[in-house]
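Chemist: So the protein sequences, as listed, match chains R and W.
Residues in the first sequence are numbered from 1 upward in steps of one, following full-length UniProt numbering.
Residues in the second sequence are numbered from 1 upward in steps of one, following full-length UniProt numbering.
None of these hints come from the bench; they were simulated from the model.
Sample of chain W residues facing chain R (criterion: CB under 7 Å; computed from the structure):
{"id": "1", "residue": "PHE139"}
{"id": "2", "residue": "GLY142"}
{"id": "3", "residue": "VAL143"}
{"id": "4", "residue": "ASP144"}
{"id": "5", "residue": "GLY173"}
{"id": "6", "residue": "ARG176"}
{"id": "7", "residue": "VAL177"}
{"id": "8", "residue": "SER179"}
{"id": "9", "residue": "HIS182"}
{"id": "10", "residue": "THR184"}
{"id": "11", "residue": "ARG186"}
{"id": "12", "residue": "LEU187"}
No residue lacks a Cβ here, since even glycine has one placed at the ideal position from N, Cα and C.
There are 2 protein chains.
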Amino acid sequence: MARKWKAKGAEAKALADPMSKIVLQLQSSLIQSDARGILCGCSVLLAAEEEQADLLGRAYFGDRVINAEKDKRWFQLDMEEAFFLCYSLKCLRIVGEDKRPKDVQELWQYMKSKKAAFPDFYKAYSHLRLKNWVVRPGFKYGVDFVAYRHHPNLVHSDYAVLVSSEGDCEANGRLRVWSDIHGTLRLCLGVVKALLVLSISKNGHDAASPSCLENYTVDERTVSRWVPEQGREDDTSADVESQGSQ
Amino acid sequence: MARKWKAKGAEAKALADPMSKIVLQLQSSLIQSDARGILCGCSVLLAAEEEQADLLGRAYFGDRVINAEKDKRWFQLDMEEAFFLCYSLKCLRIVGEDKRPKDVQELWQYMKSKKAAFPDFYKAYSHLRLKNWVVRPGFKYGVDFVAYRHHPNLVHSDYAVLVSSEGDCEANGRLRVWSDIHGTLRLCLGVVKALLVLSISKNGHDAASPSCLENYTVDERTVSRWVPEQGREDDTSADVESQGSQ
Chain R
1 MARKWKAKGA EAKALADPMS KIVLQLQSSL IQSDARGILC GCSVLLAAEE EQADLLGRAY
61 FGDRVINAEK DKRWFQLDME EAFFLCYSLK CLRIVGEDKR PKDVQELWQY MKSKKAAFPD
121 FYKAYSHLRL KNWVVRPGFK YGVDFVAYRH HPNLVHSDYA VLVSSEGDCE ANGRLRVWSD
181 IHGTLRLCLG VVKALLVLSI SKNGHDAASP SCLENYTVDE RTVSRWVPEQ GREDDTSADV
241 ESQGSQ
Chain W
1 MARKWKAKGA EAKALADPMS KIVLQLQSSL IQSDARGILC GCSVLLAAEE EQADLLGRAY
61 FGDRVINAEK DKRWFQLDME EAFFLCYSLK CLRIVGEDKR PKDVQELWQY MKSKKAAFPD
121 FYKAYSHLRL KNWVVRPGFK YGVDFVAYRH HPNLVHSDYA VLVSSEGDCE ANGRLRVWSD
181 IHGTLRLCLG VVKALLVLSI SKNGHDAASP SCLENYTVDE RTVSRWVPEQ GREDDTSADV
241 ESQGSQ
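Bound conformation, chain R alone:
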């Protein structure tokens, strides 16, 4: 599937300003400001100054929350996003509603209690983010995430992502019947995305602490319709070509 840039010059703009660089800038800005997010249900709220807000927006972490404060911009981060900044990039501290900072182990337990499949979802999210993909929630399309090669202002998303786990029935339960596979592929076709299934293998490790993530492996598979015409040997097209050159 060819990448679809949203405007003329978008590709050059993305190349000149790679996502890896933006995320590095965001990381160092958050470290310098000793940023703290506030855990609030299934999200983390983060206040940012203008420059930091710009970086959060360009790296596309969280969603802006409309607020009346002039000098602070608030962002609502999903659990995967907040945990990524906290655990993988080590640039965000997260405090509970009692304002006491939570350590990584506490956060891990909290997020698992809110979402049973959190370890698998986080592994999938961080797997793509560490490769400098921009990863966003996929509920609009009925998938777990969507992944963009750069900011969605510049490029359409390449992949609709489903997370599949060992003992899938409990964790996610997608793509187990043909009708689900057909429907998901038809939907992906309609919104010009490829379906990427990330299968998480725990390799016998449990999810007691986030360090287990190092032992998890991720298997990447894209799923697409098999079009018989494209699956045949090239006899016909060769004939057409040779006829054309006669």
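Since the structure of chain R is already known, use the hints to place chain W on it.
Modeler: Structure of chain W alone, referenced to chain R:
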């Protein structure tokens, strides 16, 4: 959702020629010709004379199979379609590849062996067909069936149908996670259908023989997105109306 007729005059045509009448004509035609279908894997092949072929087409049972015979037209029926003509309308006999007619009990066992969820799917199919809906396979849309109020030449399909059963995990396993529900609704929206979920309750009866179907009950539910604006109390629209009349 408003019914969408395909052309001007289609509605009048459908009203003048109701599906119940077409199916009755087909039934008596098949009985008169002592029709026999040949069981072949997961389908039943049926040869029809011109007039009968016309009725099969208008009632939309099966798909035409292209063949070279001039005076016979072959139709490939799905298991649900064939069993409906055989068991519910009692107008078709089905023979095995050994040309020996199969009784209803043998057929039931055979179809269950080919498709574990056959009893539930058949209950859903016959439930809609007996109300004179035209029911067709839904795999193009990633659902179990699509249901039309009349022949699809005249009208777009109203419903994408999913069959849900007790102990759903084995039988079908759809709509168990939010991402599946979101995706299916998004797809239905795209193809202008409403999602109809038929829940089959066995009421403690097993599926040992087709007579158990009489004890099954079908619960019909349409599922649609909740749009907050439409769910609010009518204060705003009342205001607008009263302002408009001032």
